[in-house]
Structures are given as C-alpha cells and as structure tokens.
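J.: The listed protein sequences derive, respectively, from chains A and B.
Per my numbering, the first sequence starts with residue 1, numbered consecutively.
Per my numbering, the second sequence starts with residue 1001, numbered consecutively.
A few of these clues could be false.
[Claimed, not checked] One side only, chain B facing chain A, incomplete, derived with CB under 7 Å:
1) R1007
2) Y1016
3) Q1021
4) C1036
5) D1041
6) T1049
7) L1052
8) A1056
9) D1071
10) L1073
11) L1078
12) R1081
[As the list claims (entries may be wrong)] Keeping only pairs whose Cα atoms sit at most 25 Å apart, straight-line, the calculated PhoX-like set for lysine-lysine is:
13) B:K1044 x B:K1034
14) B:K1044 x A:K29
15) B:K1079 x A:K180
Just so you know, these hints were derived from the structure itself, not from any lab.
The model shown is predicted, which means the values in this text are computed figures rather than measured ones.
A virtual CB, placed ideally from N, CA and C, is assigned to each residue, including glycine.
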Amino acid sequence: MNEASHRDTLDGESLVDGLRNGDGNAFEKFVRLFAPRAMGVARRVLRNEADAADAVQDAFISAMSSIHEFRADCQLATWFHRVATNAALMKLRSKLRRDVRSIDELTPAFYADGHRVGPKPAWAQAPDLILEQSERCQMVQEKISQLPEDSRNVVLLRDIQQESTASTARQLGVSESVVKTRLHRARQALRSMIEEELVGA
Amino acid sequence: MPDLSCREFIQFLDDYVDDTQPAEVRAEFERHLKACPDCVDYLKTYRDTISLARGACAADPSAPPPDNIPDELIEIILKSRSDGCA
Chain A
1 MNEASHRDTL DGESLVDGLR NGDGNAFEKF VRLFAPRAMG VARRVLRNEA
51 DAADAVQDAF ISAMSSIHEF RADCQLATWF HRVATNAALM KLRSKLRRDV
101 RSIDELTPAF YADGHRVGPK PAWAQAPDLI LEQSERCQMV QEKISQLPED
151 SRNVVLLRDI QQESTASTAR QLGVSESVVK TRLHRARQAL RSMIEEELVG
201 A
Chain B
1001 MPDLSCREFI QFLDDYVDDT QPAEVRAEFE RHLKACPDCV DYLKTYRDTI
1051 SLARGACAAD PSAPPPDNIP DELIEIILKS RSDGCA
C-alpha cells in the first residue's frame, strides 16, 4: 500500500465506523496499520522488547474500549498515538512501582503577601548538563507517568503532540478553559517532580 | 495598578509563556521579572519542563515506523479480540 492510500485509510471514517461496529476486518486493518508506530513508542519508553509488546497489546485493548469516545473531527493517528503513549507510560509506572502523584501537592504554595513558599535553589545546571540524554528521557517519562490521567492526557496532546487548545478540548470532550487550567497545573506539577529529582525534595 | 505578586505571576504564567496576553499585561509581567529572581527562575524551569516533556515522549514524525514488529504479536492482538478481550 503506498503512502497516499495509507493516509486515506488512516483518516477514513469507514475504518472508525468498522471498529465501532465490531467489524473484524476493520480491526485487523487497524492493528496492521498502527501496531508498528505503537511499538516504536513503547520501545522508546520501556526499552525492553517483552514489556513493549505488552504495552502494545494494552494500547489496542484500551483503544477498543474507548473508540466510542473518538471524535470524527479528529485524526485517528493523533488519537491512537496518545492511547499508545499512555499504555506505555502505564506499563512503565507499574514496572517501577510508582504511584500517581497529587497535583495539589505539587503546585506552588504562597504566603499571604503573595510570595512563593520555600523556593528551592535554582536548578544549578540545566538538566542536559547533569544527565545523559537517555537518563533524562527516562526520568521525565517516569514523572509524566505519575501525573493523574486527566493531567497526563492534556500534557500528551498539548505539549508533546503539540495539538492546539481547541483540538485538545475536542478530543478530550472538555472546554478550552479546562484544557488551559489542567495544562498549567500539570506543567507545574511536572516541574516540581523534576525539581525533586534534580535539587532534592 | 498595584505591582504584580509572585502568586499572580505564576497563576497566569501560561498566558505569558504562550504570549496570549495584551501588551500592557505582558509589560507588567516583564516589570515583575526585572525585580524578582525567584520568578525568573520559575519561568526558566517551567519552560525547561515543557521542552523536557517534549524531548522525552514526542514521536519523530519523519521517522518511519519500525518494520521489525513480530508477526506473533500481531496474531496475539488479533486473537485477543476474537476471544473477546479487546
């Protein structure tokens, strides 16, 4: 199949309709088209062939249980990329036995006069000077996996897949103002988790 | 207008970073930054966080999908659906 007809099929409504209707041929086409990219994401996060294969299976289970949430005005590839990244991050979190962190505990606190409570010493050096690229990616992936699901989805779509606020809102079925608020809080929480790692809690 | 507090600076930092503020509000944020090293640091590390997240998880859109997916994995996924799991 050439690249152009691939694209037609990826975004084709018939494929999504088929998946929603439980059509086995549509499911097979979906798996054959999307498993390679899902495997690429999973290998990058998990660095282990068996774990990556498990995450890809989880991604398809998750996709089929939430295909009814897929919005026709979004791209199936964008939607499935988020599902597959989430599946890989969940596998990573369970492998490392990490818990989901509370966003409230990770956003800054302020004194009555408006100053921030206990600013930490600055990140003395940029993370790329302290950690090798692969260690840095692994640390940040671990922290993203510890965000609550709602926050993680917004970070995946807005900051990682670089979707617009409007598109993110459509895909998640929430308002644009909810996307903005969740994203800002999630970034602050992620920043605090990275800071704990670099500077100490 | 009273001076911006650190709380207000951080509360609306996303609008500053995304450059969606009216010019007079942006000017107020920049005045605050000139006077507040803590918020300069917060802004820098907030931006670092966004680029670290992107660097850790973003797919390279120009990279071809891996072609070494085991057939066995595809078969397991297809079978799991026919068994009613997926």
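J.: Would you mind marking each hint as holding or not holding in the structure?
T.: These are the hints, each one checked on the structure:
1. Checking R1007 of chain B against chain A: minimum C-beta separation of about 4 Å stays under 7 Å; hint holds.
2. The interface hint given for Y1016 of chain B is violated, since its Cβ lies 11 Å from the closest Cβ of chain A, which is over the 7 Å cut-off.
3. Residue-level restraint check for Q1021 of chain B is violated (minimum Cβ-Cβ distance to chain A is 13 Å; threshold 7 Å).
4. Interface restraint check: C1036 of chain B against chain A, minimum CB-CB distance 9 Å, threshold 7 Å, status violated.
5. For D1041 of chain B, the interface hint holds, the least distance from its beta-carbon to any beta-carbon of chain A being 5 Å, beneath 7 Å.
6. For T1049 of chain B, the suggested interface contact is upheld, since its CB lies about 4 Å from the closest CB of chain A, less than 7 Å.
7. Hint status for L1052 of chain B: holds, given a least beta-carbon distance of 5 Å to chain A, under 7 Å.
8. Hint status for A1056 of chain B: holds, given a least beta-carbon distance of 4 Å to chain A, under 7 Å.
9. Against a cut-off of 7 Å between C-beta atoms, the interface hint on D1071 of chain B is violated, since the closest Cβ of chain A lies about 10 Å away.
10. Hint status for L1073 of chain B: holds, given a least beta-carbon distance of 5 Å to chain A, under 7 Å.
11. Annotation: interface hint on L1078 of chain B holds; nearest CB of chain A at approximately 6 Å, less than 7 Å.
12. Here the hint on R1081 of chain B is kept, as its CB sits about 6 Å from the closest CB of chain A, short of 7 Å.
13. For the proposed pair K1044 of chain B and K1034 of chain B, the alpha carbon gap of about 14 Å is at most 25 Å, so the pair holds.
14. At roughly 45 Å between alpha-carbon atoms, K1044 of chain B and K29 of chain A are farther apart than 25 Å, so this suggested pair is violated.
15. Restraint check: the Cα-Cα separation between K1079 of chain B and K180 of chain A comes to about 40 Å, which exceeds 25 Å; the hinted pair is violated.
Consistency note: the structure conflicts with the earlier hints numbered 2, 3, 4, 9, 14 and 15.
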